[in-house]
Amino acid sequence: MSELRELYQTVILDHNRKPRNFKRPEDANRQADGHNPLCGDKITVYLTVEGDTVTDVGFQGEGCAISTASASLMTEAIKGRKLAEVEALFEGFHALVTSDPTREPDADGLGKLAVFGGVREFPVRVKCATLAWHTMRNALAESGETAVTE
Amino acid sequence: MSQAGYDVDRVRKDFPILDQEVNGHPLVFLDSAASAQKPRQVIEALSRFYSKDYANIHRGVYQLSERATAAFEASRQKTARFLGADPREIVFVRGTTEAINLVAQTFGREGVGRGDEILITAMEHHSNIVPWQMLCEEKGAILRVAPIDDSGALMLEEFEKLVSPRTKLVAVAHVSNALGTVNPVDEITRIAHERGVPVLVDGAQAVPHDRVDVGALDCDFYAFSSHKVFGPSGVGVLYGRADLLEAMPPWQGGGEMIQSVTFEKSTWNAIPHKFEAGTPDIAGVVGLGAALDYVESLDRAALLAHERDLLDYGTAALEAIPGVRLIGTAPRKSSVLSFVIDGIHPHDVGTILDQHGIAVRTGHHCAQPVMERFGVPATVRASLALYNTRSDLDALVKGIHAVRELFA
Numbered sequence: 001m002s003e004l005r006e007l008y009q010t011v012i013l014d015h016n017r018k019p020r021n022f023k024r025p026e027d028a029n030r031q032a033d034g035h036n037p038l039c040g041d042k043i044t045v046y047l048t049v050e051g052d053t054v055t056d057v058g059f060q061g062e063g064c065a066i067s068t069a070s071a072s073l074m075t076e077a078i079k080g081r082k083l084a085e086v087e088a089l090f091e092g093f094h095a096l097v098t099s100d101p102t103r104e105p106d107a108d109g110l111g112k113l114a115v116f117g118g119v120r121e122f123p124v125r126v127k128c129a130t131l132a133w134h135t136m137r138n139a140l141a142e143s144g145e146t147a148v149t150e
Numbered sequence: 001m002s003q004a005g006y007d008v009d010r011v012r013k014d015f016p017i018l019d020q021e022v023n024g025h026p027l028v029f030l031d032s033a034a035s036a037q038k039p040r041q042v043i044e045a046l047s048r049f050y051s052k053d054y055a056n057i058h059r060g061v062y063q064l065s066e067r068a069t070a071a072f073e074a075s076r077q078k079t080a081r082f083l084g085a086d087p088r089e090i091v092f093v094r095g096t097t098e099a100i101n102l103v104a105q106t107f108g109r110e111g112v113g114r115g116d117e118i119l120i121t122a123m124e125h126h127s128n129i130v131p132w133q134m135l136c137e138e139k140g141a142i143l144r145v146a147p148i149d150d151s152g153a154l155m156l157e158e159f160e161k162l163v164s165p166r167t168k169l170v171a172v173a174h175v176s177n178a179l180g181t182v183n184p185v186d187e188i189t190r191i192a193h194e195r196g197v198p199v200l201v202d203g204a205q206a207v208p209h210d211r212v213d214v215g216a217l218d219c220d221f222y223a224f225s226s227h228k229v230f231g232p233s234g235v236g237v238l239y240g241r242a243d244l245l246e247a248m249p250p251w252q253g254g255g256e257m258i259q260s261v262t263f264e265k266s267t268w269n270a271i272p273h274k275f276e277a278g279t280p281d282i283a284g285v286v287g288l289g290a291a292l293d294y295v296e297s298l299d300r301a302a303l304l305a306h307e308r309d310l311l312d313y314g315t316a317a318l319e320a321i322p323g324v325r326l327i328g329t330a331p332r333k334s335s336v337l338s339f340v341i342d343g344i345h346p347h348d349v350g351t352i353l354d355q356h357g358i359a360v361r362t363g364h365h366c367a368q369p370v371m372e373r374f375g376v377p378a379t380v381r382a383s384l385a386l387y388n389t390r391s392d393l394d395a396l397v398k399g400i401h402a403v404r405e406l407f408a
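As given, the protein sequences belong to chains H and W, one line each in that order.
The first sequence begins at 1 in this note's numbering and counts up one residue at a time.
The second sequence begins at 1 in this note's numbering and counts up one residue at a time.
In isolation and in its complexed conformation, chain W is listed as follows (with noise of 0.2 Å):
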């Protein structure tokens, strides 16, 4: 079913891997929270520039330069608009976990003593926990960790207790890549800025899905990959709020982020570029721009009912299987379906769904903790996008018997 505003089939259309068959089936594609496939806009977009535009950006005096450079820029501006920020506050890296790493090597480092704590939820990625246990080892800080509940639901209650005098920085997931539970980051943001803590998203998992205003969600930092919103792998974006950013010290040091240099003394460039070291990622940052300017030509409202619907319609379908237990049933989700099989174990479930040229992740999805506070080594995660349908779940169902059939 096609929710008003909104063709699937045609969106499909602009996808063209999409078009083949696995193992002698038409492709099922549902790993999008890994990540996701591109539209063809996004791959002439890549070519466009390679073949007409491309150049060092920032420096050459020469037409070729000046066209990359605007190209890249523009994507800048694309950026900023996407996430409700200004152009200076937008920093372009390779993904989300360099982002996160970012701000625990510069914020974090200059922030952070013996003693502070920085409070994460049990429910992050291993590169929104990762980053601020290295960081807590340095310092000799302290990691805490907000509970979810059995449904994977942040207990706000208790990250209420834990924001202390001592916390410097609250990390926290938009999305769950592992549960699909959708944070209540504006709550968050609330309860730690009342205390004077800022507050990290990590929204890797939000905005392929819903629109994201960072001004509204009233967040300091916010990361995300190009990757997972239909762009090319390899470029990723921290927002900043300008007067941190302008206060942080530099990371990488290099070219690019400097404005002057001698051997005595060097002294930085302005924001965003004072983080930007080295020749970055051009034509992937074009690429990341092409792929914002693809989802936002879609009806937002439309393309988020859409999912809403495949959501729903999958926990119904899962959930009638005998033996299947969904992990994550929060009341705010987003398109993630992780789940067990009684008695069959998650890889040999993706290795059999496989057989079907269905497309799912198995595993602990870098998120161990994740899986330890279920009491499960591992789960199936089938996640959806924009190109999904119903009928990409009806084969997965199917698929699922076909497991079972095998294992009886």
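Excised from the complex, chain H in its bound form (with noise of 0.2 Å):
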């Protein structure tokens, strides 16, 4: 059961209960759309991209505990940081969630986005925990596509 715990820490289950910047920000000038065909998860990430920097980000949709929490997360970890840092957090958050769950994990520079350690005990749900990281980074390539985790 401690698997269980470190999977849906309270940080998690606070942002799934009261996700942070949850809306369509006014002068958002990129999104995408995400879907987890899995479990139906659904979510439109906006960025607001000024030079080199993301000014601001909101995301919409349904998902589960760990989709949603990790979208919310996301967004506050993004916001005010330049396009160079958020695909270097993006890169670290990827490798934390995908690493081999006998070993330490490496959650350096990732602040509280560390949380997402326990998915790694859960490899259905790694791409519960990307969806929204995934669904950020089209946006920000402006691909159109929209991204899917299976």
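Read the hints as simulated data drawn from the structure, not as lab findings.
All residues carry an ideal CB built from backbone N, CA and C; glycine is no exception.
Treat each hint with caution, since some may be false.
What the hints assert, rightly or not - Residues from chain W that face chain H, not an exhaustive set, calculated with beta carbons under 8 Å:
1) D348
2) F374
3) A378
Given two chains presented individually in distinct reference frames, assemble the corresponding complex, making use of the accompanying hints.
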């Protein structure tokens, strides 16, 4: 049962209940949709990019606790960051949730996002945790593609 | 509680997989609607067949091939008896999905034209929607959908109105996989046949539970999958009325389905072989025979009463939990408990239940239109089979309380 507490940490449950930045910023100039067909999660991520900085970010949609909390914490993590920093966070987060669960998690520089370390124990839930991040990245790339985690 | 004539503890001993722990808890398997577990009688039949009798069928003159052919055809006889059909009317395919596609691509392709209609219901599995959509797209035909009410029951009067002079086929689930609704197939076939419209029944969720008699149902096609009725995966059955099968063009071309081949012209084998091109899953079909023998060895009436008791017990137990809402409450239901919990996504419920050793399905159950009809993205589905017990349902209820506690 300790794995469950590790997965559903208080911070995650809190962000699931009260998602932060659950909105479309008025001056958003990038957006993309994401879809996890396995569980029906759907998300839209909105970004306001000025120069090389994400000045505002929000998301809307419906999903499980892991995907909702991940989206919520992602918006807090990337707001005000330079694009290169956002990319580094994406890489760091992705490495964290897909790393070998028998080793110590490497959450250096991830701050609060470290709470997703528990996802490593639940391979089928990795896609829930990464959906918002892939969607955000598509929005930045202005690819117009729907992020699909399968 | 055990029903008279039905010893569930003895039945459970036939399923070796059930005797294990998952995540430190005894396994509680509540996902038989997705695929059922296998009794040792089936596992041993496969092993025996591969160890002693295996060879390709229908062509060899040597003894092994004769034995394998006899075992394969014996399964056809058993399947025919199981459905109340003639062995010529039993076509072996890969599963229910392939059976429906076969009908769409032969009967449908030949008989459906521009402006014609195919009528399904709002509770269908994707496998009884998409093959018809593809056919309609190709032919310029129209897919009509009979609505269901808030309990998940078919609105039979609306269905009747939708049977038109352009309707070429009615295709309905016998039992809904997402809701558990049992459709009044005999009524449906009566209505359709009054207007000369043939009926295909997707029986995947029906055969593991209740007796099916295609004569009594008066349906024209009936499809089911071996793996849902305790047999191997990769094998399915299409029952088709002999005169329809005779008139239908073949589907896949190849060996076995032909009578003679020249470069100018080939002629087709007799039914059902006309629809069985290529080497089939020989051992899988033999395993299906063993599975049907197993089911028939049980007291079917007592088994049905046992499952009825579980469904009623589980329904009452789930309804008593605050925040739990059952999706699918039709008066005639079978062995499916689909539900949502206020404020908690089904996927989270599934993960937490798994940590308690409980296997349930979460998601749209390949029935996205059903999810849309009930305004939910997904549900948790606990589905029952002949080896489940009241204590499985007690474990489920306990697990749901743990979910609610974690999310409180």
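* To do: Check each numbered hint against the structure and report the violated ones by number, ascending.
  => Checked against the structure, the only hint that fails is number 2, while the rest are satisfied.
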